[in-house]
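Residue numbers (this note's numbering), protein chains in the order written: chain A, 1443 to 1631; chain B, -10 to 375.
Simulated from the structure, these hints should not be mistaken for laboratory data.
One thing to keep in mind: the hints can contain errors.
Calculated cross-link-like contacts (lysine to aspartate or glutamate; reagent style DMTMM-like; alpha-carbon spacing at most 20 Å) [what the hints assert, rightly or not]: (1) 1624(A) <-> 1510(A); (2) 175(B) <-> 225(B); (3) -8(B) <-> 173(B); (4) -9(B) <-> 1510(A); (5) -9(B) <-> 1567(A); (6) 1540(A) <-> 1499(A); (7) 1472(A) <-> 167(B); (8) 273(B) <-> 1497(A); (9) 273(B) <-> 1498(A); (10) 1444(A) <-> 1497(A).
Residues from chain B that face chain A, not an exhaustive set, calculated with beta carbons under 10 Å [stated by the list, open to error]: (11) 16; (12) 21; (13) 192; (14) 194; (15) 263; (16) 350.
Every residue gets a Cβ at the ideal spot worked out from N, C-alpha and C, and that includes glycine.
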Amino acid sequence: MKEIRWHGRGGQGAKTVSQILAQINLREGKHVQSFPEYGPERSGAPVRAYNRISDEEILIHSGVYHPDISVVIDETLLDSENPTEGLSPKGALLVNTKRSPEEVRKLTGYSGEIICLDADKIAQEAGTGFPNVPMLGATVAVLGTDPKLAEEELKETLSHRLPPEVVEKNLQAFRAGYEAAKGARDVPA
Amino acid sequence: MKKTMTGHKAVAEAMRQIEPDVVAVYPITPQSEIAEYYAQYVHDGLVHTELVPVESEHSAMSACVGAAAAGARVMTATASQGLALMIEVVYIAASMRLPIVMALANRALSGPINIHCDHSDAYLARDAGAVHIFAESAQEAYDWMIMAQRIAEHEKVRLPVVVNLDGFTLTHSVQVVEPLPDEEVKRFVGEFKPLYPLLDVDNPSTWGPFAMPDYYFELKRAQQAGMEEVPAVFLEVQEEYRKLSGRPYRGFFEAYKLDDAERAIVIMGSTAGTAKVVVDELRKQGEKVGLLKVWLWRPFPREEVVKALSHVDRVAVLDRALSFGNMGALYLDITSAFVHQDRRPGFVNYIYGLGGRDTTVDHIHQVFEELESARPGELRYLGLRE
């Protein structure tokens, strides 16, 4: 079983991409869970969301404390939210940042794989403005999920709520996030 | 087809497929989305339900009582303070033998105010006269909502049924759910046949009359008789649903690796899933541990619980609510069932998860570990800072 923790701020769509990832993983035949951590909900406050992905039925209903992957949608949370807490040293830290993996390694002291991408820039270039979807693309890359299958699911689910041209922009943002993560993996020796 | 959905979506889907005549509901965290989804279905014309947007839970249950007495199939949903506000009418619904099905998104009662899960709301309604069923997962919540309809409406029962699902843990988390096709659910629940409906003006009937010392007692005894019919009906409905769904519903509780267990946990709700993970881990190490997960809490299946647990050496009963001044209510249910048995396990009571305190795999390991040496009859607290 793989466990993922998302760090975002209220309104950035951490919960949304966590749920879409669950749909993607179900589509590839996995068992899944996706749940946010609920505190007082307000725009801009730090929020966490979680995924569990497994080949077997998932029975556990407690929180996630030792994730394999930690995804930081808002880099200001690197200081305040301690996104490497409990993170498996054999896992991966994904950060939306202009900084290099070396800088993030120095900042966090994390010994596992670090993937940095400028999801804000990707989102701006794609015309969506939301860094969550590029970070979803990056996460799909790190998980090794078939990107075509992931895109199909993303397209289907977004088409329920967004007009076609906005869906297309999101797919672009997803692909760019996926490619950026593929090219930027910093695996320690 | 398997889908990802939250627990409240799963409950709302079951309600959509059942398509009751009337839903009277007032939103409250963590139940609100059930009401919201259902309101959307009504708006979109997917159901022909009369949705009554009431001004409080007291009114919600009152509208349910009126509609059910009039002859309608009725459903509602609430949580915590909402149940507390409607509780006097829940007693009345039960005493009038009205088959109202209610989803209860379990949430801690105030105070202090809290939005997260425990079972104190269910414990508040324990003696109201409703049937209580607990779900472990979103899938179970969906399945029990459908089965509950048949149990509630059975002519021998005619009682409200509460389907309990853990707030947030089940209501707000996306899980894999495999709903049945609409037409299969509709065929399974069938047409509702009201008994002595108020709207049958050619055959007038009296509902909710005054009952003084000369009749009150007999009416309460008759209500108990309806409760006594529940176990047989429960098993019958469950078997039919098992055949329909192919899912392993068998009995009043799930006995998980219990046959040869030396130590066992008794529990209700979603934490049963976490406990199963620990049972599996310990079994791999050769330890004989098991789990009894209660589905049907009221009426309580005393004899069957005795049969299932009498061979076990040590049993930890986990209550997710305090019964102030005594042991937990589930613990008392279990231990009182054993009172006339010569061979009985040593029982320990744990209070856990109040106000949404997370119960982890480590906590369940701790319970199994402590069971070896714990003093029978002890009241312990799991996951508490002391």
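Hints breached by this structure: 4, 5, 6, 11, 12, 13, 14
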